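Here the protein sequences come in this chain order: A and B.
So the first sequence is numbered by our numbering: it starts at 19 and just counts up by one.
So the second sequence is numbered by our numbering: it starts at 19 and just counts up by one.
Derived by calculation from the structure, the hints in this document are not laboratory data.
Do not take every clue at face value.
Claimed, not checked - Listed next, the stretches of chain B that the computed footprint assigns to chain A, with coverage defined by at least 3 CB atoms under 8 Å from CB atoms of chain A:
#1 69-83
#2 158-171
#3 319-330
Unchecked claim - Here are the simulated lysine-lysine pairs, DSS-like style, with alpha carbons at most 27 Å apart:
#4 Lys225(B) <-> Lys246(A)
#5 Lys240(A) <-> Lys246(B)
#6 Lys513(B) <-> Lys240(A)
What the hints assert, rightly or not - Examples of chain B residues lying across from chain A (beta carbon under 10 Å, computed):
#7 Asn62
#8 Thr128
#9 Leu130
#10 Ile272
#11 Pro275
Source: prediction; values computed, not measured.
Each residue gets a CB set at the ideal place from its N, CA and C atoms; glycine is no exception.
There are 2 protein chains.
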Amino acid sequence: MLTQKETATLEFSRKDERIAALLELVEKIDDLKSLSDLGEWDQNTQLPDGGGQTRGNQMATIQGVMHDYTTNPRLGQALDDLRERVTGAEYTDADRGLVYQCSRLYEQATKLPRALVEEMARTTANSFEAWRRARERNDFASFVSWLSRTVELQREVADHFGYEETRYDALLDLYEPGMTVRKLDTLFAPVREVSATLLKRIQQSGKAVDDSCLAGDFDTEKQVNLSKQLLVGMGYDFNRGAIAVSPHPFTSGISSPFDVRLTVHPDRHFIQASIMAAIHEGGHAVYEQGSSASLARTPAAGGVSMGVHESQSRLWENAIGRSEAFWRGQYATVREAFPQHFASVDATAFARALNRVRPSLIRCEADEVTYNLHIIIRYELERELINGTVAIESLPRLWNAKYREYLGIEPERDSHGVLQDIHWTSGFGYFPSYTLGNLYGAQIYATLRQKFADFDERLSGGDTAFVLNWLRDNMYVFGSIYMPEELMKRVTGAKPDPQFFVRYLTGKFERIYGL
Amino acid sequence: MLTQKETATLEFSRKDERIAALLELVEKIDDLKSLSDLGEWDQNTQLPDGGGQTRGNQMATIQGVMHDYTTNPRLGQALDDLRERVTGAEYTDADRGLVYQCSRLYEQATKLPRALVEEMARTTANSFEAWRRARERNDFASFVSWLSRTVELQREVADHFGYEETRYDALLDLYEPGMTVRKLDTLFAPVREVSATLLKRIQQSGKAVDDSCLAGDFDTEKQVNLSKQLLVGMGYDFNRGAIAVSPHPFTSGISSPFDVRLTVHPDRHFIQASIMAAIHEGGHAVYEQGSSASLARTPAAGGVSMGVHESQSRLWENAIGRSEAFWRGQYATVREAFPQHFASVDATAFARALNRVRPSLIRCEADEVTYNLHIIIRYELERELINGTVAIESLPRLWNAKYREYLGIEPERDSHGVLQDIHWTSGFGYFPSYTLGNLYGAQIYATLRQKFADFDERLSGGDTAFVLNWLRDNMYVFGSIYMPEELMKRVTGAKPDPQFFVRYLTGKFERIYGL
Chain A
19 MLTQKETATL
29 EFSRKDERIA
39 ALLELVEKID
49 DLKSLSDLGE
59 WDQNTQLPDG
69 GGQTRGNQMA
79 TIQGVMHDYT
89 TNPRLGQALD
99 DLRERVTGAE
109 YTDADRGLVY
119 QCSRLYEQAT
129 KLPRALVEEM
139 ARTTANSFEA
149 WRRARERNDF
159 ASFVSWLSRT
169 VELQREVADH
179 FGYEETRYDA
189 LLDLYEPGMT
199 VRKLDTLFAP
209 VREVSATLLK
219 RIQQSGKAVD
229 DSCLAGDFDT
239 EKQVNLSKQL
249 LVGMGYDFNR
259 GAIAVSPHPF
269 TSGISSPFDV
279 RLTVHPDRHF
289 IQASIMAAIH
299 EGGHAVYEQG
309 SSASLARTPA
319 AGGVSMGVHE
329 SQSRLWENAI
339 GRSEAFWRGQ
349 YATVREAFPQ
359 HFASVDATAF
369 ARALNRVRPS
379 LIRCEADEVT
389 YNLHIIIRYE
399 LERELINGTV
409 AIESLPRLWN
419 AKYREYLGIE
429 PERDSHGVLQ
439 DIHWTSGFGY
449 FPSYTLGNLY
459 GAQIYATLRQ
469 KFADFDERLS
479 GGDTAFVLNW
489 LRDNMYVFGS
499 IYMPEELMKR
509 VTGAKPDPQF
519 FVRYLTGKFE
529 RIYGL
Chain B
19 MLTQKETATL
29 EFSRKDERIA
39 ALLELVEKID
49 DLKSLSDLGE
59 WDQNTQLPDG
69 GGQTRGNQMA
79 TIQGVMHDYT
89 TNPRLGQALD
99 DLRERVTGAE
109 YTDADRGLVY
119 QCSRLYEQAT
129 KLPRALVEEM
139 ARTTANSFEA
149 WRRARERNDF
159 ASFVSWLSRT
169 VELQREVADH
179 FGYEETRYDA
189 LLDLYEPGMT
199 VRKLDTLFAP
209 VREVSATLLK
219 RIQQSGKAVD
229 DSCLAGDFDT
239 EKQVNLSKQL
249 LVGMGYDFNR
259 GAIAVSPHPF
269 TSGISSPFDV
279 RLTVHPDRHF
289 IQASIMAAIH
299 EGGHAVYEQG
309 SSASLARTPA
319 AGGVSMGVHE
329 SQSRLWENAI
339 GRSEAFWRGQ
349 YATVREAFPQ
359 HFASVDATAF
369 ARALNRVRPS
379 LIRCEADEVT
389 YNLHIIIRYE
399 LERELINGTV
409 AIESLPRLWN
419 AKYREYLGIE
429 PERDSHGVLQ
439 DIHWTSGFGY
449 FPSYTLGNLY
459 GAQIYATLRQ
469 KFADFDERLS
479 GGDTAFVLNW
489 LRDNMYVFGS
499 IYMPEELMKR
509 VTGAKPDPQF
519 FVRYLTGKFE
529 RIYGL
């Protein structure tokens, strides 16, 4: 439960004429963003093939309108009127968060010419269609021209925003305010180290985790229903959400906290994919659904950064969703969905199977030990793509070589390699958020375990509400009014520190593999 | 096949700088309309309950933006530059249609203040939610305030547009250019006459049509699949469309001809509802999908008026979709969907069952003889609502009294009476289009039968493509570049004439009932 004082910090000072003027401008932008998000959701889940091209035009147009609205000098003026003033005690934290987030939007928008914004939207829509077909047909060559165009446009974006050291820093900042290659390299070094070390120790131990119970023939419609039930189990609210199937799972905060949807992509022969995607996207979604309703229709609702967002998807997916305690509480649902298949598998065996460490080709299905190596490969490649030293045509070769180097395996088809992810149809700089998310998530998880001495017992008993309630009251409800570092301090009492993840990963996999 | 000359009439003169300037403005408006339509489609098919209120805000905002764009003085100037000039031989029929349709939009928009447009969008979204709940709970009282507000707003709209005789004329004109109460009364008189006479002759004949084969227990998912197959059978293109379930069936030309979707609402116990809704909405949809691609992203694509639109839904639904010849060709699909149920029912019996005349409470399920009486009731009530002589609270009483008078029956629940239709959540003046559609449709049907001496034989053999191809080449392809009266002359060689319908209805039901 929030105290009265905390509730007050979540309300905008609507009676203040400056705040009211700002809200009037930004609520409309947020409404348009909702319809733009709906257009994207639809494109991924339902749009007929024939509608692809005109949808590209529609997205370009609405992005253009949003750009006009976001670059409205009246918005600049409203923000100027508030920037100093809002630090005063008569304003709330919500007001300050609103002004900060709106200023960020305004600056990002005014730095980009409208023609570039429209061109990016059009390219994204077309690139998505090209990628979808290229992936289906294992035809990287047909995607090259769109990917080249996206790289060119992203470089232009970076140049407009400016940077101190490398172009890529400008793109990183879009997803994680203040992040740079230099900082990332420091944060990621212990992650690479612990991943490589643990992988080696596990491989040398000769010990194995049996995950054969996750393979079989699983009706995809039943998998979607199972996803629904698991989402209900973790507290996702279907009265403010929906689930659909798309080529790549994603969550869309169409209008947080009131309309937050997610997708899964069931694999008929491997049930882990849809189960873990549901919990991962569910993590994103409960974070968005947890924003205070008072922040709705503004950029102060929803997650504060991509890294913090991924911290919630990874916390729910890995720390909770791959724990034995969680499955002791939830496994009945899986068994009921596929009773014959799981008749002789118990919760302990099922949870253990979800933790098999095995270098694999597909990021989405990777285990916790190798996952960050997938990210580091993408991070290194996209950093080079943007900084200009890599030819697009050579990407499949470089991709495969890095997989050989870091994971000891190599894809035979680009569909399972460089074409697997949707991300490069729209932009660069996002991938590092996943690993940042693992770092933040491990730190928050450590706090949760500290707050609840009976953490495992409660999960084992089927209770997840205590986790969601604590996260909602201490983190989600604030939407994006506190920046990542401040939020981490409020939630965990400390700045982001990669050692939480190092300890978490080592402890967990030493236990599982008896190292 | 179109001749080269006909193809030329369908192309805009994009090299003409005035046409190019106009297109640049209207294509963006059309893109926004597509996203607004998508918002509505989503609201009816998928939006979670919790998203209703913010969706209302989103719709209000995008309507407001569209209103700004449509009232842009540059658009007025572009139209002024073209209005006289476009009549010249160097311009095409598509150019002329574009200028006409854009002028209509521009005038409609400039006559309405922006605040009124936004208020209407907000009221529509909220009224829809209120109606949905009121219908579920059979609670007309809870809908009264929203309906009152809609009536007030529609009166304001009429006053802004102006009219010569009655306020309601201004609203009629929105759906059917040039239509008035005076004209409608003349067109509708023979319809009322033939409906009443036929109903009396049928009831007095003592003869019956057995439709018991349409009742039973029909899995709703299978019904949706059957709808899909029937739509494929009539030539609806799923590569440019989609089907979903909604409380009231409708078609949305989100981006004609590339993205045209429809919904059905299966009744578990009465299969006729979903079958006829699929064919009805399919008629709307193939019309929208038939527009020349050269007209896309402009108001010259898609149907020309609501009456002409309904002519296609009613032509496909009734003249074709309730004929024995059609079902000789398509019945196998129904039988395969529900083999046990239809084991002992043949195509003749099935088609005959679809033509049972029986006064009923639900318009959507009404037979062809009584259907127009449902419309005339709504027409008379909404005309009075707008012209101001009826209190909203008395609507259920008036509704029930008219049903007693015209059809001899009366609903026991408002859910089956005054609350059954979605239309009054958004506006007034649409209902007469259904009966106009029946008139136009019968006239076009007479032309089709004249063009194809072997019409019934072809349908019986499972061929529907010849109908769709003829309609596409002679009517659909022109989108809305020709006004209803001119289009009717091009397609049928004559102006709209209610006697085609009188002859069609009388001939058909004398045959079926052996009168």
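Against the structure, the hints come out as follows:
{"no.": "1", "hint": "69-83", "result": "holds (count 11)"}
{"no.": "2", "hint": "158-171", "result": "violated (count 0)"}
{"no.": "3", "hint": "319-330", "result": "violated (count 0)"}
{"no.": "4", "hint": "Lys225(B) <-> Lys246(A)", "result": "violated, 53 Å"}
{"no.": "5", "hint": "Lys240(A) <-> Lys246(B)", "result": "holds, 22 Å"}
{"no.": "6", "hint": "Lys513(B) <-> Lys240(A)", "result": "violated, 56 Å"}
{"no.": "7", "hint": "Asn62", "result": "violated, 13 Å"}
{"no.": "8", "hint": "Thr128", "result": "violated, 20 Å"}
{"no.": "9", "hint": "Leu130", "result": "violated, 19 Å"}
{"no.": "10", "hint": "Ile272", "result": "holds, 7 Å"}
{"no.": "11", "hint": "Pro275", "result": "holds, 8 Å"}
Violated hints, in rising order: 2, 3, 4, 6, 7, 8, 9; the structure is consistent with all others.
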